Amino acid sequence: QKEVEQDPGPLSVPEGAIVSLNCTYSNSAFQYFMWYRQYSRKGPELLMYTYSSGNKEDGRFTAQVDKSSKYISLFIRDSQPSDSATYLCAMSDSSGDKLTFGTGTRLAVRP
Amino acid sequence: GAVVSQHPSRVICKSGTSVKIECRSLDFQATTMFWYRQFPKKSLMLMATSNEGSKATYEQGVEKDKFLINHASLTLSTLTVTSAHPEDSSFYICSARSSGPGDTQYFGPGTRLTVL
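These protein sequence lines are chains A and B, in that order.
Heads up, the working numbering is the position in the first sequence plus 311, with the first residue counted as 1.
Heads up, the working numbering is the position in the second sequence plus 63, with the first residue counted as 1.
Take these hints with a grain of salt, some might be off.
[Stated by the list, open to error] Cut-off 35 Å, straight-line C-alpha distance, at most; resulting in silico cross-link-like pairs (DSBU-like, lysine-lysine):
hint, chain 1, residue 1, chain 2, residue 2
1, A, K313, B, K104
2, B, K83, A, K313
3, B, K118, B, K104
4, A, K353, A, K381
5, B, K83, A, K353
6, A, K313, B, K129
7, B, K127, B, K83
8, B, K77, A, K381
9, A, K378, B, K104
10, B, K118, B, K129
11, B, K104, A, K381
12, B, K118, B, K77
These are calculated hints, taken from the structure and not from any lab test.
Since this is a predicted model, take the numbers as computed values, not measurements.
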């Protein structure tokens, strides 16, 4: 079993839809949780960074962490074609050193 | 803020040659830098962690004599792929972190290496 599981997609939605992206993990030592967006042939761009269980909102993005279920989510409201990218979840233990990534979910938002 | 650059963005070299990739933190001092490798449609795999002025810590299975990492200053780390072979062709991405574990990593734009 992989430490971090993420559905690779692809996920195709119409413009304006609410997108839900999810990751599950098995390592209870993970303390920091991140979502990155990666466009083709580019480096990952940090979208959300959370430490504790609960919700964190930033504009159209909401990150949710449920440590008891070892489950994290990213919601994108009012999705735009420019949101089309691969979304990677990542997490680390208290050292913050080694990020363990999910495989990434490819999202396509249709105009 | 938190901008990380990489140079070159793309490099093509012949088998057997060495290639150096630079990673710079432009607007903050990076006490720790990380080097990742990413294959097409795959996730990022950590290769090594380097702290300024110290030897890099390599992940299991990564040859330290093949992938030389130098972190000589708080804003610059370099990765040298020595005696490159076609199987070293990949997308190499660095990240930088400013201080402690509570700070997240900011990624560079990546370097695509093609070894002929």
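(message) Need the status of pair B:K118, B:K129: alpha-carbon distance at most 35 Å?
(response) holds (15 Å)
(request) Take a quick look at whether B:K83 and A:K353 sit within 35 Å of each other, Cα to Cα. (result) At roughly 19 Å apart (the allowed maximum being 35 Å), A:K353 and B:K83 satisfy the hint.
(message) What's the verdict on A:K313 and B:K104, does the C-alpha distance respect the 35 Å limit or exceed it?
(response) holds (17 Å)
(request) Measure nothing beyond the straight line between the CA atoms of B:K118 and B:K77; if it is 35 Å or shorter, mark the hint as holding. (result) holds (28 Å)
(request) Measure nothing beyond the straight line between the CA atoms of B:K127 and B:K83; if it is 35 Å or shorter, mark the hint as holding. (result) With Cα atoms ~14 Å apart, B:K127 and B:K83 stay inside 35 Å; holds.
(message) For a C-alpha distance cap of 35 Å, please report whether B:K104 and A:K381 respect it.
(response) holds (25 Å)
(message) Holds or violated: B:K118 and B:K104, Cα atoms, limit 35 Å.
(response) The given pair, whose Cα atoms are some 31 Å apart, holds under the 35 Å limit.
(request) Please work out if B:K77 and A:K381 have their alpha carbons no farther apart than 35 Å. (result) violated (46 Å)
(message) Against the 35 Å threshold, does the CA-CA distance of B:K83 and A:K313 hold or violate the hint?
(response) holds (32 Å)
(request) For the pair supplied as a hint, A:K313 and B:K129, confirm whether the alpha-carbon distance does not exceed 35 Å. (result) holds (27 Å)
(request) For the pair supplied as a hint, A:K353 and A:K381, confirm whether the alpha-carbon distance does not exceed 35 Å. (result) Measuring from Cα to Cα gives roughly 29 Å; hence the hint holds.
(message) What's the verdict on A:K378 and B:K104, does the C-alpha distance respect the 35 Å limit or exceed it?
(response) Holds - the C-alpha atoms of B:K104 and A:K378 are around 28 Å apart, at most 35 Å.
In terms of the numbered hints stated before, the structure departs from hint 8 and from no other.
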